[in-house]
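S.K.: Turn these sequences into a full structure, and let the hints guide you.
If you read the sequence shown in the numbering used here, its first letter stands for residue 9, the second for the next number, and so on.
Accuracy of the hints is not assured; some may be wrong.
Derived EDC-like pairs: lysine to aspartate or glutamate, alpha-carbon spacing no greater than 20 Å straight-line [said to hold, decoys possible]:
| no. | residue 1 | residue 2 |
| --- | --- | --- |
| 1 | Lys193 | Asp173 |
| 2 | Lys135 | Glu161 |
| 3 | Lys10 | Glu119 |
| 4 | Lys123 | Asp108 |
| 5 | Lys10 | Asp108 |
| 6 | Lys135 | Glu196 |
| 7 | Lys172 | Glu196 |
| 8 | Lys193 | Glu183 |
| 9 | Lys126 | Glu84 |
| 10 | Lys101 | Glu86 |
| 11 | Lys101 | Glu84 |
| 12 | Lys101 | Asp173 |
| 13 | Lys10 | Glu41 |
| 14 | Lys140 | Glu183 |
| 15 | Lys140 | Glu156 |
| 16 | Lys123 | Asp95 |
| 17 | Lys192 | Glu66 |
| 18 | Lys172 | Glu191 |
| 19 | Lys140 | Glu154 |
| 20 | Lys126 | Asp95 |
Quick caveat, the hints were computed from the structure, so don't treat them as lab data.
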Amino acid sequence: MKKVGIMGGTFDPPHLGHLLIANDVQHCLSLDEVWFMPNHIPPHKQSDSITSTEHRLEMIEAAIGDRPSFMLQTIELEREGPSYTYDTILLLKENHPTIDFHFIIGADMVEYLPKWHKIEELVKLVKFVGVKRPGYSIETAFPVIEVETPQFEVSSTLIRQRVKDGRPSHYLVPEQVRRLIEEKKLYE
Numbered sequence: 009m010k011k012v013g014i015m016g017g018t019f020d021p022p023h024l025g026h027l028l029i030a031n032d033v034q035h036c037l038s039l040d041e042v043w044f045m046p047n048h049i050p051p052h053k054q055s056d057s058i059t060s061t062e063h064r065l066e067m068i069e070a071a072i073g074d075r076p077s078f079m080l081q082t083i084e085l086e087r088e089g090p091s092y093t094y095d096t097i098l099l100l101k102e103n104h105p106t107i108d109f110h111f112i113i114g115a116d117m118v119e120y121l122p123k124w125h126k127i128e129e130l131v132k133l134v135k136f137v138g139v140k141r142p143g144y145s146i147e148t149a150f151p152v153i154e155v156e157t158p159q160f161e162v163s164s165t166l167i168r169q170r171v172k173d174g175r176p177s178h179y180l181v182p183e184q185v186r187r188l189i190e191e192k193k194l195y196e
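M.R.: Here's what the structure looks like:
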């Protein structure tokens, strides 16, 4: 059975921390692929402070373009209404019945698992992979595979603020993403 990791998020922008986590989880769990699955941002929430879906997709493609085992998965962007992980995983399993899915989350989300929509059913459909983060416990009543990755304190929020403040984003995002941010004047 093919083993695929899923990383969800806004990826606004995708940064080296995302790639580091994907790479380490793929290696530690011998995953065949890691799918980057951007969240849907409803049109009524689109504003100057939220990057368009088109630009986010372009940045993800630029970030993962040199890794054949990293893929873009747009299933959440193709659906309307609230996007629950449970519904997304059901669709993915229906479309890819021979894939063993591993949903990669940070320790902050591990603590939040009891509040996830249909969590009891969800843990039967997908394996959760918890990536340790300082200040958060990875302990939970739910089955979670723990993976250690180096701590790289970077966030999309930090990068957006740095760009807005006229500070460089070198060494925080892949060079191709940095060039896109500059060319498209994103986050200024």
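S.K.: Run through the hints listed earlier and report the numbers of any the structure violates, in increasing order.
M.R.: 2, 3, 4, 6, 12, 14
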